Every structure is written in C-alpha cells, then in structure tokens.
Amino acid sequence: MKKLAYRLWNSPTITTWASLVVLSANTIFVLPLVLTKFSLAEANIWFVFMTIFRFKDIFDFGLKNNVSRLYSYACGGVKDISSIGNIESQETSNEPNFLLIASIYNKSVKYYSIVFILAILVLGIIGTISLYGLIGAREDNWIAWLILLLGSCIFLFGNLFTSYLIGINKVALLKRWDTFFGLLTSFSIILVMLTVPSLLNIIIIMNFWVIINVLRNYYLVKKTKNSFLIDYDKFNKKHYLDVSKSIIEPSWRTFVAGLAGTGTKYGLNLIIANLVSAEISASYLLADRLLDQLKEVSRAPFYSNIPRFSKLRAQNKIFLLVKEVKQAMLFSYGVNFIGIVGLLFFGNYLISLIGSNVTFVSNMMLVCMGFYLFIERFTAMHLQLYTFMKNRVIGHIGLIVTGILLLLLTSVLFPILSIMAIPIAGILSYLFFYSWFVALKNYKILETSFVKFEKKLIILFNLLLILLFIIYEILIPHTQ
Numbered sequence: 004m005k006k007l008a009y010r011l012w013n014s015p016t017i018t019t020w021a022s023l024v025v026l027s028a029n030t031i032f033v034l035p036l037v038l039t040k041f042s043l044a045e046a047n048i049w050f051v052f053m054t055i056f057r058f059k060d061i062f063d064f065g066l067k068n069n070v071s072r073l074y075s076y077a078c079g080g081v082k083d084i085s086s087i088g089n090i091e092s093q094e095t096s097n098e099p100n101f102l103l104i105a106s107i108y109n110k111s112v113k114y115y116s117i118v119f120i121l122a123i124l125v126l127g128i129i130g131t132i133s134l135y136g137l138i139g140a141r142e143d144n145w146i147a148w149l150i151l152l153l154g155s156c157i158f159l160f161g162n163l164f165t166s167y168l169i170g171i172n173k174v175a176l177l178k179r180w181d182t183f184f185g186l187l188t189s190f191s192i193i194l195v196m197l198t199v200p201s202l203l204n205i206i207i208i209m210n211f212w213v214i215i216n217v218l219r220n221y222y223l224v225k226k227t228k229n230s231f232l233i234d235y236d237k238f239n240k241k242h243y244l245d246v247s248k249s250i251i252e253p254s255w256r257t258f259v260a261g262l263a264g265t266g267t268k269y270g271l272n273l274i275i276a277n278l279v280s281a282e283i284s285a286s287y288l289l290a291d292r293l294l295d296q297l298k299e300v301s302r303a304p305f306y307s308n309i310p311r312f313s314k315l316r317a318q319n320k321i322f323l324l325v326k327e328v329k330q331a332m333l334f335s336y337g338v339n340f341i342g343i344v345g346l347l348f349f350g351n352y353l354i355s356l357i358g359s360n361v362t363f364v365s366n367m368m369l370v371c372m373g374f375y376l377f378i379e380r381f382t383a384m385h386l387q388l389y390t391f392m393k394n395r396v397i398g399h400i401g402l403i404v405t406g407i408l409l410l411l412l413t414s415v416l417f418p419i420l421s422i423m424a425i426p427i428a429g430i431l432s433y434l435f436f437y438s439w440f441v442a443l444k445n446y447k448i449l450e451t452s453f454v455k456f457e458k459k460l461i462i463l464f465n466l467l468l469i470l471l472f473i474i475y476e477i478l479i480p481h482t483q
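The working numbering runs 3 ahead of the 1-based position in the sequence shown.
Keep in mind that a hint or two might mislead.
Straight line, CA to CA, 30 Å or less: simulated BS3-like cross-link-like pairs of lysine-lysine [claimed, not checked]:
| hint | residue 1 | residue 2 |
| --- | --- | --- |
| 1 | K298 | K82 |
| 2 | K455 | K6 |
| 3 | K225 | K444 |
| 4 | K326 | K455 |
| 5 | K320 | K298 |
| 6 | K314 | K444 |
Hints in this document: simulated from the structure, not taken from any laboratory. Note that the coordinates shown come from a computational prediction; the quantities given were computed from them, not determined experimentally.
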C-alpha cells in the first residue's frame, strides 16, 4: 500500500489528472454561477475573455514544448542535440548533460523576456479590437480586460519555469502544486461569485492566482536546481553551448503551426462572437468551453509522459516507446469519448437544471464538435510522436494548409449553416490534408499501417460515437 501511494504521488499522469480535476472545478462550480448570475450579454463577454485567455498560448511562440523537449534530451544524456533523429549515430551517456541543461536555461531567460514584450503588444491589439463592439463604454469591463492582458503575459513569461520543470521530468512535483493552488483558485472565485459577482472581480481574483503560480514555479525551479545537482555558477557564460538554433528553428515552426491551427480556431470564435446574436454566441462558446476543458483533461495521459517518451527516444528504446505511446493515446481517446457522450445524454438537462441564462447547443452540433475534437487530438498526438521520433517540427506545414482551408470553408459554409459551419469546416480542413499527412509519416517510420496502428484507437472510438449518437436519436426520448 505504501509503495502504491508513493507511485501515485510521483506519477506524472495521476498528478496531472488531479490538477485537471481541480481545474475542472471552474467548469463544475464556477461556470454554473456565471450562467445564472451574469446576464446573457455579460456571460457572452466572459466567454470571449476566456477565449482570449486561451488564445494567448500561441504567443508562447512554441518555446515551452520545444525547450522542455530539449531538457528531456539533455537529461537522457544526449551530447549533441543535432544527432537526435538519427537512431544509428546519436551519442549519449548514462548521466544528464548538465552543461547542456544550463545552456538551455540561460538562453530561455532571454527568449521569454522577448515573449513578454511581444505578447503585450500583439495580444493587446487583437484583444482590444475583438472586445470593442461587445464592451462599449463600460469602464469596469475595460479595466478587467487590462488586468486579463497583464496576467496573460505574466503567465507566458512563467513558461520559462514550467518548461524547465517539465523537461527535467518534475511533472509530478509541478502538478501536485498545481492541484493545491487550483483548489485555492477555485475556492476564491466561487467565494467572489457568491458574494460580489461581477466580471471585474472574477478577473481580478483569477489573475491574482496566475501571478502567484508563476512566483511559485520560480521557487520550484530554484529548489530543483539544487536537488538536481546543477550549480549554474560553475559554468562560465563563455562555456555555454550554443543552443539558439536548436531552440529557435523548431519553435518558430511550432508558433506558425499554433497560429494557423489554434490561432485560427480561436480567432474565428472571436469573429463569430461579433457576427451572431449574443444568444447564439454564448451557446456556442459555452459548448466550446466545455469541450476545451475536456480536451485539457484528455491530454494528461499523453502529454504528461512526453518527457519520458523523449528520454526513451534518446535511449533508442523504440519498441517500448511505441507501446507506451499507444497506451497513452487509448486513454486520451477514452476520456474524450466519455466526456462527449456525457454531454450528449446529460448536457441539456444539467443546463436547464441550474436555470442558466444561456442555452446549450443542439445534439447534432455537439456531435460535430465532438468529431472535430477527435480529429484534432488524433493529429496533435501523431505530430508529437513524429516530433520526438525525428526531433523535427513539421506542424507549420500542415497547419498552415489546414488554417487556410478552415477560413475558406467557414466563409463558404457560414451563410448556409450558420454557427454549425465551424466544426464541419474544421473536420474537413483536417481530413483534406494534415491528419493523414502526419500520420502516414509515423506509419512509415514504424513500418505499420493505419488499420494496424489505429484499430483499437481512433477507428474504434469514432465508430462507438456514431453508434451511440444513432441510438440516442432513434431510441431515447429527448426534446432536441
């Protein structure tokens, strides 16, 4: 029992899920308060605020994922980062490459300082334009926007510390603290919503905890430097390795990929919020918020293990790597499936039960958004698999094409299908090129096929979702 407790306490997946369960408290407890205590117009502005808060992640410019992966390679003993991707020739040792870790951290400080400045400028302009028609002359809402902007940019700078902790495989430590601070955040927001509910107050308390979390991660980095036996003072700056190319090249590609993919999706949400009525906008953004929360939970089995996957790749343990990747994919798809089916069967009932001022989307709309989520997760996980197999970022290629297709298809379908155009255009834009493009590359590397690799993964869960939707529509009485 003691051994099991120790494994759970130090499990990246379990601790990540714990932190996400606490984060989901904002959906379970805070969201109903927003839906009942805010007017329809205020709820719509809240959802737009949260869309901008999620949109901020692309202004990390791809640094967090790529820098943390480089830390993982260094912890695996890689001597030359450029050798990753060549299974036969890469050179490793049994000890972490401490000089490489120190060099990466030193360069990251510079890059994240630049990120902070750029994010304030670019996100400030985009957000202000998006909110101008919704907020109008409400001074308190503009103050809330300025606080959200500052908190978002501080969060981005804080990725300097997050990427380090993830990269040296301190995921369990990070997520344990995320769980505790997430509880404090949720409790504080609920208290505010029950006593002095307003957009300004909820934004103030939310961003207060964002800043506290960044300071906490800074402390954890200082602490783990010592526990990880890294004395940065012993490395003279002139002895640092030149890792600029290894950071910048994949990061700018990841940024372009994020801009074309996530940026396009959230950008469309901001545009749509200004084109349709507040009722339709709030309904769609509510469903999008719930599915985004589901996506974050479903990422845990896969993304929490990326440091381990990268380390296995650095050690050339390919068979074990593929086995664990498929297990992580299975859990990720399973979480998505359970969440989508739960919303299909109980979403409308729960929304009506709390007396929400915002209605829920139709069943067909929800299922389309569910398939969109599945195809996006399928592509994203295969992209990550290819990235740590070859240490090469190709997401910018596929997502540029996908982003262009999404914009074109949405503009064509929107006059016909209204808000339904977004998930349908999203599904088609992925299927036209990107999804099979990146997946086929992995099948070729691993010498397998689509059916052989996916028969118990994406194929199974899509068929199950179709079957349950048919059963729901034909056999179960419901109002929609």
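Hint numbers contradicted by this structure
As far as the earlier hints go, 1, 2 and 3 are violated by this structure, in ascending order.
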